[in-house]
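Engineer: Build the full structure now, drawing on both the sequences and the hints.
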Amino acid sequence: MLIAILNILLLVACAPLVSGLISGIKNNLRMRRGQSVFQPYYNLAKLCAKEEVVSETASWIFKAAPLVVIASMLTAAVLMPWCIVAGPLRQAGDLLALIFIFSLGRFFLALAALDTGSSFGGMGSSREMFISSLAEPVFCLVVFTLSLQFGSTDIAAVSGMHAVSVASIIAATALFLVTLAETARVPVDNQETHLELTMVHEAMVLEYSGRRLAFIEMAAYIKQMILFFLIAQIIFPIALPVFGGVSEIMLWLLWYAARLVIVAIAVALVEVSVAKMRLFRVADFLGYAFVLSIVAVLCALLGV
Amino acid sequence: MDRTDVISTLKNKLPGVELLSVAQPYPDELRIKVEARHFKQTCLALHTFLPSPIMMQFGSDERAAAGCFTVTAVFVHIRSAQWVSVTVDIPPGAPGFDSLSTTIHSASLFEREIREMFGIEPRGNPDLRRLHLHDEVWPQGNFPLRKDFRQPQPGALSGYIFTRVEGDGIFEVPVGPVHAGIIGPGHFRFSVAGEPIINLELRLGFTHRGVEKLFEGKTCADAVRLSECVSGDSCFAHSLAFAQAAEKICGATIPAQAAYLRAIFLELERMYNHAGDIGGMALDVGFSFPAAHASLIKEAILQLNEQLTGSRYLKKVNAAGGVAADMAAAKRALLLATLKRLKTDFQELVKSLYASASFMDRVDTTGVLRRKTARDLGVVGLVGRAAGIPTDLRRVFPGVHREAQFKMALQESGDVLARLRVRVFEFEESCRLIETFVGKLADGQTTGVEPQLKAGSGLGYVEGWRGPVLYWLKIDSAGLIERCKIVDPSFHNWPGLAYAVLGNIIPDFPLCNKSFDLSYSGNDL
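For the protein sequence lines, the chains are A and B, in the order given.
Residues in the first sequence are numbered consecutively from 1, following the numbering used here.
Residues in the second sequence are numbered consecutively from 1, following the numbering used here.
Hints are not guaranteed to be accurate.
Unchecked claim - Derived, one-sided and incomplete: chain A residues facing chain B with beta-carbon distance under 7 Å:
#1 E196
#2 L269
#3 V272
#4 V274
As the list claims (entries may be wrong) - Covered by chain A, per the in silico footprint, the following chain B stretches (three or more residues, Cβ under 8 Å):
#5 165-178
#6 274-286
#7 352-362
#8 506-512
What the hints contain is simulated information worked out from the structure, not anything from laboratory work.
Glycine included, each C-beta is placed from N, C-alpha and C at the ideal position.
Structural biologist: Structure follows, in structure tokens:
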């Protein structure tokens, strides 16, 4: 139990590093020196120390939303089978619960963005809902693929006990496309832009500052970590070696981290090599992901 | 139709109008003076048969010398390569003139400017809101370009009324004047139905510094430096237009060497801006690799500028009478070598953009400015050429460009892609022009003359990278500037942006805006 909790804390603590790593890789690819990979931590520390400004027209929803968002992501993190067969709260929820927990956070964030009455918040909310309404079904189908293979929607379906199959590879590809949308990456969104009019996720959180913004950002990092972990776990399933010496554990840890880095590199490569899509083309993009996930389900049913 | 034909045609078209005076002080300027009551009629006739938008229109306070204000409208006649201006005297009692704006759209902004700066009423202009002197801070009844203006006197303040679009599900999205990026200040008010833009209203003037007033009373040498500061990305085009106006008035003929050097620097300015804009368009659609590539090219040109002249933005190069920078053999070799490298780099950049389906999908058919709209609005320069208006001052008034067989860029579709293609073509053409001009340079030539001070007025004009930069200059007998009217192409083209974005979705606005890349400071003066 203690190891499991430590494990979760470690992964949550490493979550911002993944974002830092992606910007590091991107900057290298673009011949730039760029910021340190630890910049996300500095940003979080800075935000926590900053004064918070809350719009006069904002209600309690605006103030409560960041807490709901961070709490839901932490709950999701607790459910995840990071290294052992399942998280400490394995009985509390299955893979489907994960989807709903994600939705809960998003719902409150969209509501909070509307709450201040700023036009950017409204634009951000409507775009986020448009995108997530297309991304969520894909996520569900990916989960079904895994469950069909495992025979249950138990979260242990992604715990590394399964073999890699055609179905799981296709499901991982679909999940990768959804991840780009869910983590506000090019070609769906652009985290680096300063252009308010083009933002999706950033437009929703424009009104936030200080500690509450730090909560929202941390939640986004955790969500990204969970999605990356899922992709890595589907393509490169590994389980904790039950017996083994220190060197074996070290090797295992290295491979564990390397899988996440591989996903991060893939995301960074996509981000520098394509332009952001026109907003309404996102429907096509996530449509492809949907088709892929249906194929994955069919493959799982056929047992390949 | 040659030069004299303009007058005879005009007389035929306007049987009842007496031309008070017709003068041709310089081969490229034809000046007509009419009575104030014939102003509108004359301008409409010129607008139709030249045909030309209003290239500039300005007031002048001549009360000390002639006891009246004047208003001048300037047209360009492409076939005979001359500027045709119509001037009227306006008595100072209750100054006003008949507005052209209901027929000639390109006059409307100029008229609003004349009204706020001189208090001369454009009678019949439906939109009298002030442009640069914002009603919230600048009291009414203060006209800064009048000669007797010293300090603003207290007076009534008012507000600005935006156009309201009404209907089900229409939202207003106000953006600016403070933006998230390091760009100029401008207020954009979108009326949207969901994501599509129904109306865009621009409110500019936030960088109004009173530049035209600052010119007054300066010597030409000081004023050249000031002209470099009018619009930071067009230092050379502005100083060149000013210098040409001053040289014209002084009757100075600049040495051939200086003419080539100016042409070279003008093209270098065009190149670094075009490269920067192409990168900016890539960046605005989140296509970051080519954006980084383009910024390398831009930086290489800026560094080249510094090595050649000591200034990255080509400041302190121009002077009335020539250029301060010489280009010895070593610098010429450096220039040619850098150009060769840049050309290959640039081709790679263009290839990576044109070969990317995701990028082309963003720029193709986005932000279309149709040719008819562009013509009606009087859109000029690069944006005009992308919409099928074949006008480039380098072709109308070729000068040294004739020797290089200058080729003009032209596109028909008027979308972001067309504006990108015009930039690509012009960048490559600029490389070629510079190579030709460098071949004509020689060591040890004089690059400037000392201009003789003379009173008079004249028009300086340059095809800068955005389009025509115009300076109308009047120098008094002491050699000091009495009036300087500046028109940056941005002033003509901002209304074009408001039309180009209609029907596009809001997230595409930054891309449309970047493809125009207009100047705030050049517009606000």
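Engineer: If a hint holds in the structure, say so; if it does not, say that too.
Structural biologist: Here is what the structure says about each hint:
Taking 7 Å as the C-beta contact cut-off toward chain B, the hint placing A:E196 at the interface holds, the least distance being around 6 Å. Because the beta carbon of A:L269 sits about 10 Å from the nearest beta carbon in chain B, more than 7 Å, this interface hint is broken. Hint on A:V272 holds. Least Cβ distance to chain B is approximately 5 Å, under the 7 Å limit. Hint status for A:V274 relative to chain B: holds, with the closest Cβ pair at about 4 Å, below 7 Å.
Using a Cβ-Cβ cut-off of 8 Å, 5 residues of the stretch 165-178 of chain B lie near chain A, which meets the minimum of three, so the contact claim holds. Proximity of the stretch 274-286 of chain B to chain A, defined as three or more residues with a beta carbon under 8 Å from a beta carbon of that chain, is established by the 4 residues found. Interface restraint, the stretch 352-362 of chain B with chain A: holds (5 residues with C-beta to C-beta distance below 8 Å; minimum three). For the stretch 506-512 of chain B, the stated coverage by chain A holds: 5 residues have a C-beta nearer than 8 Å to a C-beta of that chain, and at least 3 were required.
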